[in-house]
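Undergrad: Take a look at the letters that make up each chain.
Protein chains: 4
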Amino acid sequence: MKAVVVRPPKVGVSIEELKEPEPEPNKVKIRILNTGICGTDREIVNGKLITARPPNGRDYLILGHEAIGVVEENCCGFKKGEIVMPVNRRGCGHCLNCQIGRPDFCETGEFVEAGISGLDGFMREYYYDDPKWLVRVPYEIKDFAVMAQPLSDLEKSLEEILNVQKRVPIWTCDDGTYNCRKALVIGTGPVGTLISLLLKTYGFEVWITNRRELNDMERTIAEEVGLEFYNSANGYDGLKEKVGRFDLIFDASNAFTYIASQVLPLLNYNGILGLFGFPQSGQLSLSYAELQSLIFRSNVIVGLVNGQKPHFEMAMVHLAAWKTMWPKTVKAMITKEVPIEDEKEVKEVIMNKLPSEIKVKIVWSK
Amino acid sequence: MKAVVVRPPKVGVSIEELKEPEPEPNKVKIRILNTGICGTDREIVNGKLITARPPNGRDYLILGHEAIGVVEENCCGFKKGEIVMPVNRRGCGHCLNCQIGRPDFCETGEFVEAGISGLDGFMREYYYDDPKWLVRVPYEIKDFAVMAQPLSDLEKSLEEILNVQKRVPIWTCDDGTYNCRKALVIGTGPVGTLISLLLKTYGFEVWITNRRELNDMERTIAEEVGLEFYNSANGYDGLKEKVGRFDLIFDASNAFTYIASQVLPLLNYNGILGLFGFPQSGQLSLSYAELQSLIFRSNVIVGLVNGQKPHFEMAMVHLAAWKTMWPKTVKAMITKEVPIEDEKEVKEVIMNKLPSEIKVKIVWSK
Amino acid sequence: MKAVVVRPPKVGVSIEELKEPEPEPNKVKIRILNTGICGTDREIVNGKLITARPPNGRDYLILGHEAIGVVEENCCGFKKGEIVMPVNRRGCGHCLNCQIGRPDFCETGEFVEAGISGLDGFMREYYYDDPKWLVRVPYEIKDFAVMAQPLSDLEKSLEEILNVQKRVPIWTCDDGTYNCRKALVIGTGPVGTLISLLLKTYGFEVWITNRRELNDMERTIAEEVGLEFYNSANGYDGLKEKVGRFDLIFDASNAFTYIASQVLPLLNYNGILGLFGFPQSGQLSLSYAELQSLIFRSNVIVGLVNGQKPHFEMAMVHLAAWKTMWPKTVKAMITKEVPIEDEKEVKEVIMNKLPSEIKVKIVWSK
Amino acid sequence: MKAVVVRPPKVGVSIEELKEPEPEPNKVKIRILNTGICGTDREIVNGKLITARPPNGRDYLILGHEAIGVVEENCCGFKKGEIVMPVNRRGCGHCLNCQIGRPDFCETGEFVEAGISGLDGFMREYYYDDPKWLVRVPYEIKDFAVMAQPLSDLEKSLEEILNVQKRVPIWTCDDGTYNCRKALVIGTGPVGTLISLLLKTYGFEVWITNRRELNDMERTIAEEVGLEFYNSANGYDGLKEKVGRFDLIFDASNAFTYIASQVLPLLNYNGILGLFGFPQSGQLSLSYAELQSLIFRSNVIVGLVNGQKPHFEMAMVHLAAWKTMWPKTVKAMITKEVPIEDEKEVKEVIMNKLPSEIKVKIVWSK
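Residue numbers (our numbering), protein chains in the order written: chain A, 1 to 366; chain B, 1 to 366; chain C, 1 to 366; chain D, 1 to 366.
Quick caveat, the hints were computed from the structure, so don't treat them as lab data.
Backbone N, C-alpha and C fix where the C-beta goes; we use that ideal spot for every residue, glycine too.
Hints may be right or wrong, so weigh each one.
So these bits of chain B aren't anywhere near chain A, every CB distance computed over 10 Å [stated by the list, open to error]:
1) G39
2) G47
3) R211
4) E313
5) A321
Pairwise CB distance ranges (calculated) [claimed, not checked]:
6) A:G238 / D:S261: 27 to 35 Å
7) B:P131 / D:P9: 41 to 49 Å
8) C:A289 / D:F296: 56 to 64 Å
9) C:K166 / A:G57: 17 to 25 Å
10) C:D130 / D:P355: 45 to 53 Å
11) A:G109 / D:E228: 21 to 29 Å
12) B:V363 / A:E140: 25 to 33 Å
13) A:M351 / D:F296: 41 to 49 Å
Generate the whole structure from the sequences, applying the supplied hints.
TA: Pasting the structure below:
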């Protein structure tokens, strides 16, 4: 069968013919339908992700951590024909959080991640998986359900943010909602877009920023969903003047080191800053007065990673809701589909991001 | 303008011509589109709801607490043409929970409820409302959005149940979800149906029961959504044998006094029983041994009432998701539409429940 | 060595000479200092506790689940001479709550309890224990530290009650405390006394009730701690008239079946009833109207069992605080000390409760 | 009557004869017994606290936010002779958190603080106060109860830290306690000492650090309480080697800008850094790799301020417990008592910190 293979830390990616996987007891046979490509895949193929590594005792890794597939045979609670999505991070088996099914909070660091570190990914025609890690996909959202994996990370992130904010006796508005709470999302890529939709779904007022104007696709989404936009090319002073302080700031810029001292002073009393994007360079610098202000205002900074099975399930429900509420947005998020047969194009889209890309998906079968 | 009027505790309902409401500053003018009818309305018109009362200083009450309408003029953050749903319970103004926008937990009992006690309802052509109590309705769900009011009560109920269960260190399964948790819903009317859909949305395994077989419509829903059915005409022993104990039991039967001693022993360790339906007669009886078991198993019984604005907002999102995931179910839930012009029929459906009714709506305008 | 031995379900208790325990690797050798006697012990020796059973493969059980001892040899993080108290319930090993150290929420029911079911207790001169289940006792409270075991059950109970009440957006007063919240404790025995002290420590206003006047010892405690007393010999109507409704009711009467319909109507909006004492007979009866009121007022009933290691640690801190704040009360709680050498008296106090007893302790060594 | 008066931003402090306060309806007359001095007082008298300001319309401010006093006349629920401590921060009256009695989370910044900004403090012979802001002091701890004010800030801080950590599904150990969790406290002044005692009380393993060796008094406390010490004069590398990473780091150094890049890498997976001390100078600098690690490890940084009435009540209970458990420590914490009659010495101790000072108290009456 075909599979997309990498040999980290070597640069490059190849499509290779591998042996079909052997059946395993109590595991579900899955035929892959689509796989999505994300920034992490590109870091791997470009040799930049230091944590990338093949399964133990092997020199290659099958790529891909965003996938939906179809169950090939009845097994273990699943029926032939059901559409499923695998959870990508699997626990260390030792720590308490992994034992209770929450390897997003693994304390040993010995978890594995399909298609990234220590476990083969999903860019292949078939594989077998433990039913424990399979999430049912409603049939009606299958065309864009591959978004549920990146969305799961943001479901977990917002859940964690709201959990942290329970530290504040009252963080809801005088009507019990979040409607008066202002959220600022830095970055308008896939992560920035998905968290904006989610924040809106939870009732927040949402501002999105980029250092350039929105493109047409982004403008369509912002209008349909009701997102406010601010061009931060000249910094954030104008935003503070116009809108005031923010209750929640979500960094999806991968460049927080460069903007920290501009962005942190935008936090309101009791406000929270969520860091999701990994900064790739730079040095964060904060004056003692800015740090004082952070303390004085009871602010929180929280590092955010990885969604788990409950968050995949929440993502399916939200994608289904968005299909109804924001049909243009949902459509716009799938930037391109490339059939696996078109190997040259597949390699091209894995290596390089398209302009205005939100999600490119590889089609393995129908 | 036309309005549906009651004079509790008198039996009966009339459609009367009332003066149009006067504009009020900082209030939004709303033209009613649809109103829903529920069991509480029927208790009022049949003189059985002892808490029913007109606004102070008046002998009549406009009926109706389930409505969607359209904004007639730009005002106070709302734009002409937006579709909105009003929150029905309004706070006492004194207690802390009402001050923070959560009159569902009012501690004085001095709250009012539109169309029920102390405040006019929504069965009229026009009215003005405080923007604080208006919830935006996504345009794409407007045909069945009237379900969001009863659903809001169940959003709140499930939220409260899950909050209570945080008393248990781990109440999720070994994959972090609720997929292994068994829920039993007693009653297959509108409340039973809505809570079943919601429990399924949150990942629970759901059993529904009634003392008769399901009708066609109910069977359609159960199949599409994936609900298991048990006929409890001969009690619950067979259910325990077949399925075992339940982690969550939700009473929507209005007859819990009669079944308590059969149902409570079905609770699993750490299980919770939610009481939503008001029992109308009977005497609950429990032996000391059954009470011992409840203590020994760390069970909880919780009384559940009223959803507030955050729950209306959650309801909108879930209705939008269900339209995608379970289209037949969403369609089946609107049993009948009656135009306000057909006064005889309107009065008929307000006085008497239809067979297999989930929701009957009165159409005021388009 | 000497040990107190029972053979459930046979009535009676004997003091027998048993072989000293063998050393076990990574277990701490403990010399028992004191053991407490409680109602459960008396149910066992009187053949009334149906769950009482010896360890597998044995016909006798060493009694005792309340004990403090001294470490005999340095081992496994403990030093010779440290005073420790063992946790009495040990987990099933399978369910998630037991895996994370919280067998108080065991979901299989396969836990064991030292001195009660499936595991030898602490009424013996020496034994070995896993350091995981040993709680350090501050030296300065050793004279009454045996109270920490029953107190741990109530620490857990109040923790669970407060966790459940987080369902209410605001359940604290307008100064952020519980000072305006009224608690009613039914029963003035050891359980009633300890929970009253704890509720007072958390800032509640506390009423205690009994069907007779307080005796001198109880009056001393009530005065020092600041507890209000109500004689319920003629029911609870007078209490409601005098004080109004209660936010928290704690049943420590072992007779809730008989008083349910009098006590439940005392619950305030959002109020909670904690059931701790096991009713021993009777039939609970509630009218549909009383059940309606429970729902309408958003009340909760919760079954409460067993404290675990974190609750033992909290109990040590509270006993230390009470020694400072309420010295007469702490002193009054140890009703009698009986040396193990006085075998006749030991058997007598195990079989029969003393008048006005709070805690009788057997002294094994100094 | 005598009072300690400041005129911020002027440097200096004077003891002046002021008019006795007039009685106010429903306010309690209080005779001050002791007042404590803290770093904030010294910033005020040295003209360094920019937020210091007199009540509106006045040019002077009575100093002092740590005090205990005695009730002079029965009033409003308090009895003559009761010992009380006033809460120092009072709310803005507008925001929801202030309305529910939690001005520690005020969102307008318009709160006032007795003896600091906008409200007279407690360094005077008599004053009247609203009963809402008075906390009862157990008589037996009155000699050191003035510590309860600074301790309340740390009760709140640890409560908030534990609330934030509920974001982690399991942050307790495999016995349900915090006994395996390592806490690092930076700074051994009053704040560092009090938080160390509190962390120990909650079951954490605690390391304390300073850039010098402990003095005798500090060593006495560390030994009695069981705190580990690390001398950080040469940085923190040795600590990481010896102990590993920490689950909780608490900065009480007022110099976090200088040590951030050494200290943040000590955080364990899911670890939290609490910032309490206000950095007075310097520039915090973090590399992108250190920021990546913070995100990857799901760390949190939280700014911590101000305890409120519930935290004062908790502080009283803990001081009472510590008197029993750690008598030498409690004694050591009151460094010196100065009678108000000795005006020169009073001014001296307000202006300048003593060597090894934990708490200096001014005695106003007995």
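Undergrad: Falls inside 45 to 53 Å, the C-beta gap from D130 (chain C) to P355 (chain D)?
TA: Holds: the Cβ-Cβ distance is about 47 Å, inside 45 to 53 Å.
Undergrad: Does the no-contact call for A321 (chain B) survive, Cβ to all of chain A over 10 Å?
TA: Violated: least Cβ distance 4 Å, not greater than 10 Å.
Undergrad: Please settle this one: G47 (chain B) was flagged as non-interface, so is its CB more than 10 Å from every CB on chain A?
TA: Nearest chain A Cβ is 33 Å from G47 (chain B), so the label holds.
Undergrad: Is it true that the C-beta distance of P131 (chain B) to P9 (chain D) lies inside 41 to 49 Å, as the hint says?
TA: Taking Cβ atoms as reference, P131 (chain B) and P9 (chain D) lie about 45 Å apart, which means the hint holds.
Undergrad: Please confirm whether E313 (chain B) is truly not at the interface, meaning its C-beta sits more than 10 Å away from all C-beta atoms of chain A.
TA: violated (5 Å)
Undergrad: Taking the Cβ atom of G238 (chain A) and the Cβ atom of S261 (chain D), is their distance within the range 27 to 35 Å?
TA: Between G238 (chain A) and S261 (chain D), where Cβ atoms are some 32 Å apart, the hint holds.
Undergrad: Taking 17 to 25 Å as the hint, is the beta-carbon distance of K166 (chain C) and G57 (chain A) inside that range?
TA: Hint violated: Cβ distance 49 Å, outside 17 to 25 Å.
Undergrad: Is the hinted range of 56 to 64 Å satisfied by the C-beta distance from A289 (chain C) to F296 (chain D)?
TA: holds (58 Å)
Undergrad: Hey, does G39 (chain B) actually stay past 10 Å from chain A on C-beta?
TA: holds (25 Å)
Undergrad: Mind verifying the non-interface call on R211 (chain B)? Its CB should be farther than 10 Å from each CB in chain A.
TA: holds (30 Å)
Undergrad: Does the beta carbon distance between V363 (chain B) and E140 (chain A) stay inside 25 to 33 Å, or does it fall outside?
TA: holds (28 Å)
Undergrad: Regarding M351 (chain A) and F296 (chain D), is the given constraint of 41 to 49 Å on their beta-carbon distance met?
TA: Between M351 (chain A) and F296 (chain D), where Cβ atoms are some 25 Å apart, the hint is violated.
When each numbered hint is compared with the structure, violations occur for hints 4, 5, 9 and 13.
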